[in-house]
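Turn these sequences into a full structure, and let the hints steer you where they fit.
One line per chain: the protein sequences are A and B, in this order. Take the first sequence: its letter number 201 is residue 201 in our numbering, and every next letter is one higher. Take the second sequence: its letter number 73 is residue 73 in our numbering, and every next letter is one higher.
Hints should not be assumed to be uniformly reliable.
Simulated restraints, written as ranges between beta carbons of each label pair [unchecked claim]:
1. Leu94(A) with Gln103(B): 28 to 38 Å
2. Ile99(B) with Val98(A): 29 to 39 Å
3. Leu146(A) with Glu146(B): 28 to 38 Å
4. Ile90(A) with Asp92(B): 16 to 26 Å
5. Arg55(B) with Pro86(A): 31 to 41 Å
6. Trp106(A) with Leu158(B): 36 to 46 Å
7. His236(A) with Asp44(B): 21 to 31 Å
8. Pro137(B) with Ala61(A): 22 to 32 Å
9. Gln103(B) with Trp233(A): 25 to 35 Å
10. Ile99(B) with Trp87(A): 35 to 45 Å
11. Val98(A) with Gly123(B): 46 to 56 Å
12. Arg189(B) with Leu92(A): 53 to 63 Å
Simulated from the structure, these hints should not be mistaken for laboratory data. Idealized CB from N, CA, C, for every residue including glycine.
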Amino acid sequence: MRALSLAVFFGLWWGAALIAAKPALLPAPPAVLLFAWRAIRSGAMPRNIAITTLRVAAAFAVSMLAGSSVGYLAGRSRRADTLIDPWLIILLNLPVLVVVVLCYIWIGLNDVAAVLAVALVKVPTVMVTVREGARALDPGFDELALVYRLPWRQRARRIIVPQLAPYLAAAGRSGLSITWKIVLIVELLGRPNGVGFALDELFQTFDVAGILAYGFAFAALMLLVEAVLLRPWESHANAWRR
Amino acid sequence: MRMPGAANAGARYLAAHGIGETSSPAAPAAAQPAGYGVLGVRIDGKSYADAGRRREVLRDVAFAAAAGEILALLAPSGAGKTTILRIVLGLDRDFRGEIRLPQGRLGVMFQEPRLLPWLTVEGNLRLVTGGDPSEIPGLLSQVGLEGTENLHPKALSLGMARRVALVRALLGRPAMLVLDEPFVSLDPRSATELVSLVARAARRGGTLVLLATHDVDQVLGYADRLLVLGGKPARLAADCPTSPALCSPNEAAGRNFKQKLLSRFPFLSAEPAPEAAP
Chain A
1 MRALSLAVFF GLWWGAALIA AKPALLPAPP AVLLFAWRAI RSGAMPRNIA
51 ITTLRVAAAF AVSMLAGSSV GYLAGRSRRA DTLIDPWLII LLNLPVLVVV
101 VLCYIWIGLN DVAAVLAVAL VKVPTVMVTV REGARALDPG FDELALVYRL
151 PWRQRARRII VPQLAPYLAA AGRSGLSITW KIVLIVELLG RPNGVGFALD
201 ELFQTFDVAG ILAYGFAFAA LMLLVEAVLL RPWESHANAW RR
Chain B
1 MRMPGAANAG ARYLAAHGIG ETSSPAAPAA AQPAGYGVLG VRIDGKSYAD
51 AGRRREVLRD VAFAAAAGEI LALLAPSGAG KTTILRIVLG LDRDFRGEIR
101 LPQGRLGVMF QEPRLLPWLT VEGNLRLVTG GDPSEIPGLL SQVGLEGTEN
151 LHPKALSLGM ARRVALVRAL LGRPAMLVLD EPFVSLDPRS ATELVSLVAR
201 AARRGGTLVL LATHDVDQVL GYADRLLVLG GKPARLAADC PTSPALCSPN
251 EAAGRNFKQK LLSRFPFLSA EPAPEAAP
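This is how it looks when you write it as C-alpha cells:
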C-alpha cells in the first residue's frame, strides 16, 4: 500500500509537469533524478548531506539529552516544575528565527551556534513530552525500588526508563522530523556548507530540479533513519505491552 | 524500646479471656527484657488530611518482635493495617513515633503483586537478588511455578503473580518479611502451601514475619502472636501470643480460642477480601 501511494504521488507529479510544460518551474521526475545523479557523482550532494546529518545528529542528541533530563526533573518535582515552567513557555513561544539569529550574533557564525540554536528550539517540546511521562510514573514501582534498596543505576535502567520509553520514543520521532527542518534553516542563514547552504545557492539560480533533488534526498535519508532506527526501537520498547 | 501499650493490651486480653500462659517460640514484648526484639514499632499517632482537616487513623500502636517470630496484624479492611506496614517500611514518614528495623535485607509483598510488566518472571526476581539468582528455580518450584521464568506478568493469573511476588520477597534470606494480605485471591490449598513456606523461612532462617490480614483463619495455626487493631482511631486492642494448641482449627482449644477471639472482637468475623490488581 505504501509503495502504491508513493507511485500515485510520482504519477501525479509527472502528469502535472507534463501539463504545465514549464520544466524550469516544475521539472518532471527524470530531470530531478538526473540532477541528483550528477550531484552524487560530483560528490557535492553526499558531502552536503553528510555535514547536515552530523549537525542533525548533534542537535538531536543535545536536545534529547537536555530535554529529557529537565523534563524528567519537572515531572518528578513540583518545585522544579514551578521554576522551569515559565522558561518553557518563553522557549516554546520564541520564533525559531529569533533563536537562530541571536545564537549566531552571540556565539558567532559557527557550528556550535548552529547546533545550539536547533537544540534550543527542540528542547521545549522534548521537555513537555518527557515531563508528561515522568508525571505518569507508577509510584508503586518507586516504593518497590525503595524497599528493596535498588541502586540508582538499576532503578533508572529497569524501572524508570522502561516506563518513560514510549514518551522518549514519541519525543524522538517528532524531534527528528522537526530537527532536520530547523537545521536546514540554520544552514541557510549562516553556514558555508550543508543541504541548507546548497538549497540557498540553488534558490539564487532558481534551480527547481536541484531544490527538489536535495529536498527528496534528505527527506528520504531521514525517513530511512526513522524506519531503521527509531521505529524498531519504539517497537522494542513497547514489546511487553503486546 | 519500651512498648507499654502493646504489653498491657495483650495482658488485658489474656486475663479477660482466661487463655492463660502460652509457650510460643517467642513470648510477647511484655515478658522480654528492655531492648528486646530486632523490630520495634511505636506509632503514637498518624493522621491524614481530609477535606482540610486532620483525621487521626492510628493512635498508640506499639509492639516489638524478635528474629524468627511471626506476627499477624489482624483487623478489618480499612482499619489501618497497610498504613502500619507502610510506616514500618519507611514509605510513610508522616507520623509521630519511632521505628527500629532489623539489620539486613527486607522482603516485601505488597497487597498487589507489583511485578514490572516489561520484565519476565526471572527478570523481576533477578532485580532484587543482587547478582545471585541461584535460589530462584528452587523457590519457584516450591510455589508451583516452575517453568514460568520466561513469562511476562501479563501471562500470569493474579494468584500466580502473587506467588511470584512472594518468591521475590523470600529471595536472599531476608531478615524481615513484610506481607500485606498475602493470601488474598489464592485458593485454600495454595494459601496453605504458601503459609508453610513463609513459616519455614521464619523457623529456618530466623526471618521475622510481619503479616497483615483481615482473615483470622488465614493466620491461626502459624502466627506466634496476634496483634489485633480496633477502634477509631485504630489502636492496638490486643497483643496475644498463640500456641499450636490454641491455633489449631481442629482442636477443641483452637476452636475455643477462635470463638473467644471473634466474640471479643466481632469485627474480625469473615468479610469479603479486598480486590487487588496484578
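Hint by hint, here is what the structure shows:
1. Leu94(A) with Gln103(B): 28 to 38 Å: violated, 55 Å
2. Ile99(B) with Val98(A): 29 to 39 Å: violated, 56 Å
3. Leu146(A) with Glu146(B): 28 to 38 Å: holds, 30 Å
4. Ile90(A) with Asp92(B): 16 to 26 Å: Since Ile90(A) and Asp92(B) have Cβ atoms about 39 Å apart, the given range 16 to 26 Å is violated.
5. Arg55(B) with Pro86(A): 31 to 41 Å: At roughly 36 Å between Cβ atoms, Pro86(A) and Arg55(B) fall inside 31 to 41 Å, so the hint holds.
6. Trp106(A) with Leu158(B): 36 to 46 Å: With Cβ atoms ~59 Å apart, the hint is violated.
7. His236(A) with Asp44(B): 21 to 31 Å: violated, 51 Å
8. Pro137(B) with Ala61(A): 22 to 32 Å: violated, 42 Å
9. Gln103(B) with Trp233(A): 25 to 35 Å: Taking Cβ atoms as reference, Gln103(B) and Trp233(A) lie about 43 Å apart, which means the hint is violated.
10. Ile99(B) with Trp87(A): 35 to 45 Å: holds, 41 Å
11. Val98(A) with Gly123(B): 46 to 56 Å: holds, 48 Å
12. Arg189(B) with Leu92(A): 53 to 63 Å: holds, 59 Å
In summary, the structure is inconsistent with hints 1, 2, 4, 6, 7, 8, 9 from the numbered list given earlier, while agreeing with the others.
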